[in-house]
Amino acid sequence: MATATGGGLEFHPMDQFVVRPLFGDGAVAWYTPTNVTLWLFLTALAAIAVLVLGTRGRAIVPNRAQSVAELAYGLVYKMIEDIAGKDGLRYFPYVLTLFMFIVFANLLGLVPMAFTVTSHIAVTGILAMAVFLGVTIIGFVKNGAHFLDLFWIRSAPLAVRPILAVIEVISYFVRPLSLSIRLAGNMIAGHAVIKVFAGFAAIAAVAPVAIIAVVGMYAFEVLVAFVQAYVFTILTCVYLKDALHPSH
Amino acid sequence: MISLLQGAATTAAETTEAPGAGDEIVIITESATHGAETHSVYGDAAHSAAEGAGLPQLDITTFGNQIFWLVVTLVVLYLVLSRVALPRIAAVLSDRQGAMTGDLMAAEEFKQRAREAEAAYDKALAEARGEAQRIVAANRAEIQAELNNAIARADAEIAARTAESETRIREIRATAETDAREVAQEVTAALVAAFGGNADNAAVTAAVDSRMKGAMQ
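Residue numbers (our numbering), protein chains in the order written: chain A, 1 to 248; chain B, 249 to 465.
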């Protein structure tokens with residue numbers, strides 16, 4: 001948000017990410033309902049509206065809302081089936097929850113004046129850690145010690161294997177970091193850029209360019225919102241595949 | 249990425265300083281840098297600034313809050329989706345699949361039935377044709393048999409008549425020979441008598457027989 005105070009321009013591209021209590025002006029305790037709470041709930045409601053209300057008709061020939069719900073269902077279902085295989089479908093509800101949550105959080109964040117929950121490293125970090133821990137636990141429960149084959153690449157020459165193992169271990173533990181920072185970073189960057197361009201709209205001389213740039217960025221961000229949710233989900237499926245079939 | 253953005257924003261701000269004609273451009277990314285004069289407008293920003301400077305994302309004091317509400321949201325969303333939405337969509341999809349396969353199978357069945365009907369029609373046609381041919385053949389055979397019968401009967405009659413005629417001819421020929429012999433004997437006896445001879449019956453008969461033997465052969 002930019003305000004021209006006393007003839008000066010002030011840019012606050014990061015103010016949109018500030019966590020504030022919804023009621024009053026006190027400190028933010030762990031239970032305080034904040035703007036994060038509000039937009040998390042709106043995200044969940046949007047996902048539920050599409051998947052539950054949209055399929056209310058249970059029609060053989062679907063209407064538009066039901067088609068969207070079935071499309072989302074089919075997209076994630078096929079993704080898991082293709083990447084993680086048939087036994088990955090047990091975890092389909094969680095992966096779909098993840099996808100629906102991220103895609104709606106990203107898209108709702110693009111509503112003017114909205115708060116983008118996925119722009120916060122705390123949120124994406126928990127999402128990524130949930131995937132990382134879940135996948136690791138599944139890997140050990142399903143395969144026991146054989147899960148460690150993931151790091152010991154038998155197709156490589158014996159001399160190279162320890163080096164590869166070190167690299168594999170590092171890349172394994174970097175996964176939650178890259179997952180969370182990729183998502184939050186994309187969201188922060190896009191929204192901040194839009195805010196900066198919007199700030200320039202206060203100067204009459206560059207206003208048309210700024211507004212066109214905002215429109216362009218906005219369209220791009222809609223794409224990014226979907227693509228990032230897709231990437232997060234597809235990587236979750238890849239990690240799930242590693243957990244279920246570590247020897248591949 | 250964030251620092252890059254800030255850099256871009258700063259450069260953009262600097263380049264627009266000329267049209268701004270002396271406007272004061274301040275880029276605020278750290279809430280701590282702006283204090284009392286913006287406090288009324290950005291009270292909340294200043295408030296968070298009091299707790300931790302820098303990006304709002306890195307303000308660790310809000311992490312507990314965010315994580316708590318995120319977990320609540322995710323659990324609710326997971327429960328609603330896994331209990332209500334997914335079974336419903338799965339049921340709809342399988343119903344549709346079932347309806348489609350059912351329709352396809354019904355169509356296949358109808359096709360099969362049509363094929364069977366055609367086969368039955370062809371068979372009936374072939375049977376009718378065979379029946380007709382059999383009837384024609386039977387009729388023909390019957391007529392042939394009757395004809396053969398009639399011909400045989402006619403032949404038999406002809407043969408009988410021929411035999412009868414031959415008997416009659418033979419009889420006539422036999423009577424004619426006898427008659428001729430008698431006439432010849434009588435004529436011979438009369439001639440011998442007329443010439444004054446005494447006709448010996450046995451001699452006349454022998455003479456006629458010897459003459460007749462030559463004539464009859």
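Honestly, the hints are just simulated from the structure, not real lab data. Just so it is clear, CB atoms sit at the ideal spot from N, CA and C, and this is done for glycine as well. Be a bit skeptical, because a hint or two may be false.
Claimed, not checked - Derived, one-sided and incomplete: chain B residues facing chain A with beta-carbon distance under 7 Å:
1. Pro304
2. Gly312
3. Thr321
4. Val323
5. Leu327
6. Arg336
7. Gln345
8. Leu352
9. Met353
10. Tyr369
11. Leu373
12. Ile417
13. Ile420
14. Arg421
15. Gly444
Claimed, not checked - FRET-style restraints, in silico, Cβ to Cβ:
16. B:Arg382 to A:Val61: 41 to 49 Å
17. B:Pro335 to A:Ser247: 44 to 52 Å
18. A:Glu168 to B:Glu356: 50 to 58 Å
19. A:Ser67 to B:Arg361: 21 to 29 Å
20. B:Arg361 to A:Phe220: 54 to 62 Å
21. A:Phe220 to B:Leu327: 16 to 24 Å
22. B:Arg363 to A:Asp149: 53 to 61 Å
23. B:Leu327 to A:Ser247: 30 to 38 Å
24. A:Leu53 to B:Ala355: 49 to 57 Å
25. A:Ile170 to B:Ala354: 57 to 65 Å
26. B:Leu327 to A:Lys78: 48 to 56 Å
27. A:Tyr218 to B:Pro335: 56 to 64 Å
28. B:Ala355 to A:Ala59: 20 to 28 Å
29. B:Ala368 to A:Leu53: 51 to 59 Å
Unchecked claim - Listing some non-contacts, in silico: residues in chain B with all C-beta distances to chain A over 12 Å:
30. Arg331
31. Pro335
32. Asp343
Evaluation of the provided hints:
no.: 1; hint: Pro304; in the structure: 4 Å, holds
no.: 2; hint: Gly312; in the structure: 4 Å, holds
no.: 3; hint: Thr321; in the structure: 4 Å, holds
no.: 4; hint: Val323; in the structure: 9 Å, violated
no.: 5; hint: Leu327; in the structure: 9 Å, violated
no.: 6; hint: Arg336; in the structure: 5 Å, holds
no.: 7; hint: Gln345; in the structure: 10 Å, violated
no.: 8; hint: Leu352; in the structure: 14 Å, violated
no.: 9; hint: Met353; in the structure: 16 Å, violated
no.: 10; hint: Tyr369; in the structure: 37 Å, violated
no.: 11; hint: Leu373; in the structure: 43 Å, violated
no.: 12; hint: Ile417; in the structure: 107 Å, violated
no.: 13; hint: Ile420; in the structure: 111 Å, violated
no.: 14; hint: Arg421; in the structure: 112 Å, violated
no.: 15; hint: Gly444; in the structure: 148 Å, violated
no.: 16; hint: B:Arg382 to A:Val61: 41 to 49 Å; in the structure: 58 Å, violated
no.: 17; hint: B:Pro335 to A:Ser247: 44 to 52 Å; in the structure: 34 Å, violated
no.: 18; hint: A:Glu168 to B:Glu356: 50 to 58 Å; in the structure: 53 Å, holds
no.: 19; hint: A:Ser67 to B:Arg361: 21 to 29 Å; in the structure: 35 Å, violated
no.: 20; hint: B:Arg361 to A:Phe220: 54 to 62 Å; in the structure: 58 Å, holds
no.: 21; hint: A:Phe220 to B:Leu327: 16 to 24 Å; in the structure: 35 Å, violated
no.: 22; hint: B:Arg363 to A:Asp149: 53 to 61 Å; in the structure: 57 Å, holds
no.: 23; hint: B:Leu327 to A:Ser247: 30 to 38 Å; in the structure: 34 Å, holds
no.: 24; hint: A:Leu53 to B:Ala355: 49 to 57 Å; in the structure: 35 Å, violated
no.: 25; hint: A:Ile170 to B:Ala354: 57 to 65 Å; in the structure: 59 Å, holds
no.: 26; hint: B:Leu327 to A:Lys78: 48 to 56 Å; in the structure: 24 Å, violated
no.: 27; hint: A:Tyr218 to B:Pro335: 56 to 64 Å; in the structure: 37 Å, violated
no.: 28; hint: B:Ala355 to A:Ala59: 20 to 28 Å; in the structure: 22 Å, holds
no.: 29; hint: B:Ala368 to A:Leu53: 51 to 59 Å; in the structure: 54 Å, holds
no.: 30; hint: Arg331; in the structure: 9 Å, violated
no.: 31; hint: Pro335; in the structure: 10 Å, violated
no.: 32; hint: Asp343; in the structure: 6 Å, violated
Checked against the numbered hints listed earlier, the structure breaks hints 4, 5, 7, 8, 9, 10, 11, 12, 13, 14, 15, 16, 17, 19, 21, 24, 26, 27, 30, 31 and 32; every other hint is satisfied.
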